[in-house]
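> Quick mapping for you: the protein sequence lines, in order, are chains E and F.
For the first sequence, our numbering assigns the number 1 to the initial residue and increments by one for each residue that follows.
For the second sequence, our numbering assigns the number 1 to the initial residue and increments by one for each residue that follows.
Hints in this document: simulated from the structure, not taken from any laboratory.
Worth double-checking, as some hints may not be accurate.
Unchecked claim - Pairs of lysine to any residue, SDA-like flavour, derived with a Cα cap of 25 Å:
#  : chain 1 : residue 1 : chain 2 : residue 2
1  : E       : Lys98     : F       : Thr159
2  : F       : Lys518    : F       : Ala499
3  : E       : Lys129    : E       : Lys95
4  : E       : Lys163    : F       : Asn323
5  : E       : Lys161    : F       : Cys145
6  : E       : Lys95     : F       : Ile117
7  : F       : Lys152    : E       : Lys77
8  : E       : Lys163    : F       : Pro160
9  : E       : Lys161    : F       : Arg235
10 : E       : Lys161    : F       : Thr9
11 : E       : Lys98     : F       : Ile117
12 : E       : Lys163    : F       : Gln135
13 : E       : Lys95     : F       : Arg235
14 : E       : Lys77     : F       : Trp239
15 : E       : Lys98     : F       : Gly306
16 : E       : Lys145    : E       : Asp102
17 : E       : Lys163    : E       : Val119
18 : F       : Lys518    : F       : Gly264
19 : F       : Lys157    : E       : Cys160
20 : E       : Lys95     : F       : Ala499
21 : E       : Lys161    : F       : Phe193
22 : E       : Lys129    : E       : Lys163
23 : E       : Lys161    : F       : Ile117
24 : E       : Lys77     : F       : Glu131
25 : E       : Lys41     : E       : Lys147
26 : F       : Lys242    : E       : Val119
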Amino acid sequence: MLRPKLTFLDRLYLPQILAGMWTTLKHIPRRRFTRQYPEEKFKLLGKYRGAPVLVRNQAGQVKCVSCQLCEFVCPPKAIRLFPGQRDQAAPVEAKIEKEPQDFVIDMTRCIYCGMCEEVCPEQAIFLKKDFAIAGYKRTELQFHKDKLLELGGVHEDPICKWKNK
Amino acid sequence: MSESTVNLTIDGRAVRAVPGTNLIEAARLAGIEIPHFCYHPQLPIAGNCRMCLVEVGLPKLGADRKPELDSQGQPLINFAPKLTIACNATVSAGMVVLTRTPKVIKARRGVMEFLLINHPLDCPICDQAGECRLQELAVDYGQGCSRFVEEKEHKPKRTPLGPKIMLDDERCILCSRCIRFMREVAGQDCLGFTHRGSRSTLICYPGQEPATNYDLNIVDICPVGALTSTDFRFRQRVWFLKETPSICPHCATGCNTVVWSREGVVYRQTPRDNPAVNQCWMCDLGRLNYKFINDPNRLTTPLIGGQPANWLAAIAHVAQRLNAIRATGGQIAGVGAARATTEELFLFGKLFQGLESKLLDSVPRSGASDKLLLNSDRNPNMRGAQLAGVAANPPGHRLAAIADGIASGAIKALLVLGEDVTSAGIGPDLLAKLELLVTIDILPSAMTQAAHVVLPGASFAEKGGTFINAKGRMQQLNPAVASPGQARPEWQILSELLAAVSSRALRDGQPRAANAWKKPAPDFPNLGKVFAAMAAEAPALADLTLESVGAQGVQIKE
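So that you can see chain E by itself, here it is in the shape it has in the complex (with noise of 0.2 Å):
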């Protein structure tokens, strides 16, 4: 293909250049779009999905009896259940019988898409607003049980299902 013929004006550059700056000048009056990520947060909506951890109930029980429902259905398999027997000692709703001895989240494979959270028929498992995890290793990024219930927290449970059953 032929070059486009280019005038003078063309070969001096000058409106080219000139042109640029009034588009950048035209943006200095403007509100500003961009954030100073990291120090400033962006603010997240309502329904914003972050990473998934798993919450204890009022009475302080893991709400997860391991019924492997989000290990089934996470579309990237970033979780690994590791099923087992509830403590029968344990007084409040014993009848669960069921609570995971292990509950792995691999945040390196999460993808956030909330499969997990709309599949839980125990309401046990919540995608949060964090979003930026990082660490130094891979296996840190592994989120075990322990961790994910820490930063859980506690879910208010208005109907507790299992204790009158």
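Fit chain F to the known structure of chain E by using the hints.
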């Protein structure tokens, strides 16, 4: 009369069935599924779940006992005014069965609603979820929400029925399959219902617990999660598990099984239907005999003199030592376990043919037999070992000669395939006399302690191959999981050893570095080749191929 059949119509499809066939089985012939809970083909009919209700009509007969015809020449059908349970109705000539009419669907929805009234919503913690008939049929015939506003009936949960089974009475839908199984098949009439109506409860007679060798079958036939196996309880959800058809290696019956595994871990074994062998049952001894597969102590690397080595070096070492011993006139003996597959035993026999030794045998292993499935011969493949020429007839009678040969110093090398010979008359004192003891095994034992070379093999769930059961039925194993570490199927080890022993480079008996030896291509690179060679030599296997053994096995010629 047994040869005669009757013609009937099920949902417009013509079906030909033997008289006496019930409608569930007849519909299955036509590819129509009639939902049911209490019916089980191997158990007496109870007819208490009412899920299999269908409309049944018979031809209207005139005064001359001939079917009356309508204006189109079709027989007139008289439908019964009420629905009939398909499990307890047998086929008859000209019968018309309708399984999907609105009346039938309505009845099934009603039955489901009643069943679900008191059924707890335990699915997230119930081990049956995923293979639960109630769950499946609730999808087909259940309602989204319950009309029942009263309190659900509460019954005992978590009742142990002996050490193997856990009973949850709330989940029980009172189908009575377990009661009938324990009474009719296992022969211990220990389960029954107490109370009435919705308070009916499955219990075990006081002071008793299921204590037969077949108890865990009631866990399989329980359509819901009322009976769960303590062994499998809460270990893994069934939908993650891969099903591999296999054969139980516990005794010479060779029950057909399914091995359930996930990511290299075997979680359970369940029986697989085979009318010629085990119907649909298996014994608990066989069922729970899978834990050695994932034993953390499994042998994972070849060992030469207790030191880890690679396969090339180990195979070359064994071949060189065998040739050297043979060159100096020492005898070589072998003991091949009748727990190995027929192909492995065939290659083992072939190896000894090449070494011109007839000092071969298997160790007989027996235990108490019951009248059902458990065979007194605890070797799954003694027939195969005899067919391959490894086991003597009767098995084990050459073992004494081998022991004497080792004691006198005539036998200088012993090859052992998957067997612990220290319990078969060849004690550690005799093993210490050998110049070369090679053992191919999967777990450490007194043998692997004493052996000069240890070659790690594969368990039954990690390899293909065939077993021949006590009745001469050849059945196939399938690989379900991968072997740990460098362990590999015994037939591969033997096939390479066979090639190495006859390789010229290793024949002169001069020690060489392992890397100076070029591995020859084995004659038997795959199992099909081994089987073909075996079928060519053994008249009992003439015209058979590995494929033709299939999922249900074949009876071999006597």
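> What are the numbers of the hints the structure violates, in ascending order?
Structure breaks hints 3, 4, 7, 10, 15, 18, 20, 21 and 22.
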